[in-house]
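Starting from the given sequences, assemble the full structure and let the hints guide the process.
Protein chains: 2
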Amino acid sequence: METTTLNVKGMTCGHCVAAVEGNVGKLDGVNAVKVDLGKGTVDVTFDQGVVSLAAIREEIEEQGYDVE
Amino acid sequence: METTTLNVKGMTCGHCVAAVEGNVGKLDGVNAVKVDLGKGTVDVTFDQGVVSLAAIREEIEEQGYDVE
Numbered sequence: 001m002e003t004t005t006l007n008v009k010g011m012t013c014g015h016c017v018a019a020v021e022g023n024v025g026k027l028d029g030v031n032a033v034k035v036d037l038g039k040g041t042v043d044v045t046f047d048q049g050v051v052s053l054a055a056i057r058e059e060i061e062e063q064g065y066d067v068e
Numbered sequence: 001m002e003t004t005t006l007n008v009k010g011m012t013c014g015h016c017v018a019a020v021e022g023n024v025g026k027l028d029g030v031n032a033v034k035v036d037l038g039k040g041t042v043d044v045t046f047d048q049g050v051v052s053l054a055a056i057r058e059e060i061e062e063q064g065y066d067v068e
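Chains as they are written, first to last, in the UniProt record's numbering: chain H, 1 to 68; chain P, 1 to 68.
Hints are computed from structural coordinates only; laboratory data are not their basis. Careful, some of the hints might be misleading.
With a straight-line cut-off of 25 Å between C-alpha atoms, the simulated DSS-like cross-links for lysine-lysine are [what the hints assert, rightly or not]: (1) 39/H x 26/H; (2) 9/P x 39/H; (3) 9/P x 26/P; (4) 39/H x 9/H; (5) 39/P x 9/H; (6) 39/P x 26/P; (7) 34/P x 9/P; (8) 9/P x 9/H; (9) 39/P x 9/P.
In this text, all values refer to a predicted model and were calculated from it rather than measured experimentally.
See the structure below:
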């Protein structure tokens, strides 16, 4: 397991938190995901053997946000 | 039918638009509802004989927004 903090632009409200946490959390290999709306960050704990960081970033972008 | 423009604070993203338009639009007597995110307004067309403006305001506030 590895935990990474991503800087994500465009998350503005509780719906955005739910969209990111809900959809990233559904990915196989993702153990935990936590959005900090004030900081604009997403902490993700995941198993690199199961899911890539690239796939996680892609999922966030599919929800309509920019990952820096 | 009457159309009223409400000033609503706190709507920030497409999810907020969907929450307001979807839930207000479900009320009996509401014919049309349109959020303008940039202006912070909600245009509602409704039948005063079926639904009150107070009930519409309440529904928006239940979604977590402040109606001025």
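Q: Quickly compare the C-alpha distance for residue 39/P and residue 9/P to 25 Å and report which way the hint goes.
A: holds (10 Å)
Q | Restraint status (C-alpha distance of residue 9/P to residue 26/P at most 25 Å) | A | holds (21 Å)
Q) Does residue 9/P pair with residue 39/H here, judged by a C-alpha cut-off of 25 Å? A) Holds - the C-alpha atoms of residue 39/H and residue 9/P are around 22 Å apart, at most 25 Å.
Q. Does the alpha-carbon distance linking residue 39/P and residue 9/H stay inside the 25 Å limit?
A. holds (22 Å)
Q. Is the hinted pair residue 39/H and residue 9/H satisfied, with a Cα-Cα distance of at most 25 Å?
A. Holds: residue 39/H and residue 9/H sit about 10 Å apart, inside 25 Å.
Q. Between residue 39/P and residue 26/P, is the straight-line Cα distance small enough, at 25 Å or below?
A. holds (23 Å)
Q. Between residue 9/P and residue 9/H, is the straight-line Cα distance small enough, at 25 Å or below?
A. Distance of about 21 Å is within 25 Å: holds.
Q. Are the Cα atoms of residue 34/P and residue 9/P separated by 25 Å or less?
A. At roughly 15 Å apart (the allowed maximum being 25 Å), residue 9/P and residue 34/P satisfy the hint.
Q. Residue 39/H and residue 26/H: Cα distance at most 25 Å?
A. holds (23 Å)
Comparing the model with each numbered hint stated earlier shows that all of them hold.
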